[in-house]
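Undergrad: Those sequence lines, one after another, are chains S and B.
Going by the numbering used here, the residue at position 144 of the first sequence is 129; the numbering climbs one at a time, nothing skipped.
Going by the numbering used here, the residue at position 227 of the second sequence is 212; the numbering climbs one at a time, nothing skipped.
I should point out that these hints are in silico values taken from the structure, not numbers from a laboratory.
Cβ atoms here follow ideal geometry from the backbone N, Cα and C, with glycine treated the same way.
Misleading hints may appear alongside valid ones.
If the Cβ cut is set under 7 angstroms, some of the chain B residues that face chain S in the computed set are [as the list claims (entries may be wrong)]: (1) A40; (2) R104; (3) Q199; (4) D203; (5) F269.
Computed from the model, here is a short list of chain B residues facing chain S with C-beta under 7 angstroms [stated by the list, open to error]: (6) K(-11); (7) Q(-10); (8) I38; (9) L41; (10) S42; (11) L58; (12) S64; (13) I67; (14) I83; (15) A102; (16) R128; (17) L194; (18) M198; (19) M272; (20) P276.
Simulated restraints on C-beta separations [stated by the list, open to error]: (21) L177/B x L117/S: 49 to 55 angstroms; (22) L117/S x V318/B: 39 to 45 angstroms; (23) L177/S x S196/B: 54 to 60 angstroms; (24) D302/S x H14/B: 35 to 41 angstroms; (25) D91/S x R297/B: 26 to 32 angstroms; (26) D(-5)/B x T300/S: 55 to 61 angstroms; (27) I205/S x S19/B: 57 to 63 angstroms; (28) S5/B x T300/S: 58 to 64 angstroms; (29) T21/S x A16/B: 44 to 50 angstroms; (30) G78/B x D313/S: 38 to 44 angstroms; (31) K33/S x H14/B: 36 to 42 angstroms.
Protein chains: 2
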Amino acid sequence: MKSKQTTIKDIAREIGVSPSTVSRALNDHPAINSATKVRIKAKAKELKYEPNIVALSLKNRSTKTIGVVVPELIHFFFSSVISGIEEVAYDNGYTVMICQSKESYDKEVKDVMALLAHRVDGLLISQAKEILNNEHYDEIQRRGVPLVFFDRMPSGVKAPSIIIDDASAAKEATQHLIDRGCQSIMHLGNNLEMPISKARVDGYRQALLDSGMQLDEDMIVDCPTSIQNDSYAKVLSLLEGGAKFDGLFASNDLLAIGAIKALKQFGLSIPQDVAVVGFSNWNFCDMVDPPLSSVNQPGTEMGRQAMKRLLRMITEDEENANDVMMLDTALIVRKSSSL
Amino acid sequence: MKSKQTTIKDIAREIGVSPSTVSRALNDHPAINSATKVRIKAKAKELKYEPNIVALSLKNRSTKTIGVVVPELIHFFFSSVISGIEEVAYDNGYTVMICQSKESYDKEVKDVMALLAHRVDGLLISQAKEILNNEHYDEIQRRGVPLVFFDRMPSGVKAPSIIIDDASAAKEATQHLIDRGCQSIMHLGNNLEMPISKARVDGYRQALLDSGMQLDEDMIVDCPTSIQNDSYAKVLSLLEGGAKFDGLFASNDLLAIGAIKALKQFGLSIPQDVAVVGFSNWNFCDMVDPPLSSVNQPGTEMGRQAMKRLLRMITEDEENANDVMMLDTALIVRKSSSL
DNA sequence: AATAAAGTTGCAAACGATTGCAACACAATA
DNA sequence: TATTGTGTTGCAATCGTTTGCAACTTTATT
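Based on the provided sequences and hints, a complete structural model is requested.
TA: Below, the structure is given as structure tokens:
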């Protein structure tokens, strides 16, 4: 059934020349008689010939394909990144293979090995939450396949990465709550094992310290699953336990939404009683009630930059570097934290 | 740089046998001496040999890769479908190449041609909003590449499809509003050129007719862009123009959210003054205020079924069929339409 | 007319893996 | 000893394309 795909040999047979001549004609090789070229090209069009990329990949030892591993596609942020990646890849004649690690270390390793077996020309990875070791990253580099991380980078791997300044973004968000008059600010972290989560906690801490506010470790709550039910349940039980706070900075928007639900249910109003700020600026931030203030992460731009960096590694065949590009974030203030 | 990938020849050279022997040993061919097998397998592990899928694809004329074309990845529904597709593909040893048409006809055609050039073993497509003709679908079939549509299928192409019963789902949603006591129900359509949008309008009409309610064509409003601003502006101007209605059924959730914003701003309360139902049951439906009633579209299941159907076409080499599988939807009633 | 110089085209090898067939060594049988 | 059988391995072709080199035809030059 796959037999209906036209090959260079079919054209050669029909015209009565050798496959090499057809190949050269289609690539406008100067040595080929122009009349022959015309005949061959016409026949190619007639038979809807399309070069077999698989054969070309084998010959060129380059698949013109790059592999992407993201934790979850359904996250708005990661789909935006993918859009940016595809845009640049497409413009440069590359196609993209996307895998989802589903936040699992094992799946991430399998994905990476599968992409390597497919002989992708490069890899763009955002690390899963579950982190065991870096062996698969080392294997990528041992094989000489270019590698760039985005958003979530591991420590101890010599590869470029495109990230945001999580600490300073978190600091800005916390500072905003302080400026607004909040005296006691809670932080909901998302899996504090992750480097980016740690960085956000650091930013939160720094803001409090800089303002001479006291740091209460009990106010830092980890919600590892990042499902709004998690933060909903945790915040509700804290409130019921008598916790008092007038500001809340969450490490992602889902956690913020869950917290808002708990706060509302406890009879508190937002932002009057508690001001809330999220992180990522997901597309639903201005749809919830009240509209949620959040730190905007430039997903599409991150994808573009990551792909550009990878292209530079592929084409310039440069040695491993570990430069870090930090993209600007912006705090989007909405009603959940404004007076 | 790509030179560091171990091949069968490397193993052969190091052991001192021919590549054919290595190949047979790794595939546990009975003719190979078991001592030799052990030595070869050990060496393969040592050199971290991984078969080159590109070479295998060329030889087998099968890439074990399937191509997917969706309108937009950032839509929750489509990312869910992708997850379902990947799940089944993965379990059957296939990898997935994803393209986004961005709702553009030209991009869809380019994506399809690129995937064909990559010699994917099959294609899963959800059609873009912009529809010009079916030539590219015909070309897929002319080449004998299996094709299955999901969610948005074209008319006039003989290929299987996995969809939901848009008309009956829309009818159920509208009926729910009628049962709730709504006297005058508005419908916000999303690009009424699209078959699925037409089907939803049909369902809406049918529900009204069945209940003996009058049909006012002015109550059917097209919002082609599917951005909440579109429905926000249209609904607001209708309200200001004196339009009266106590129910609203939107063809997708974004439109419903935009409408709710307009209604609130006009001083109407939901669901008391106007009951609202959306379509797709996006993940943010229970995060907005009030939580939005919506028709649940089983995205992941749709992806699974589409991939299964495609696998059957690939493996059983069956002739073109055009069976349609309709998946069950369920109206999820939330506060936006409950008393 | 002989030779050189273009102008065209084909052969064969290569990319990495698989596989039918031939070839070899050695043991068992007649 | 000759023959058959069994176990093990290699050769060569194949998938579709590209490309250095050789070979051929035709035209230009002396």
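Undergrad: Tell me the numbers of any earlier hints that the structure contravenes, in ascending order.
TA: As far as the earlier hints go, 3, 4, 9, 17, 18, 20, 26 and 28 are violated by this structure, in ascending order.
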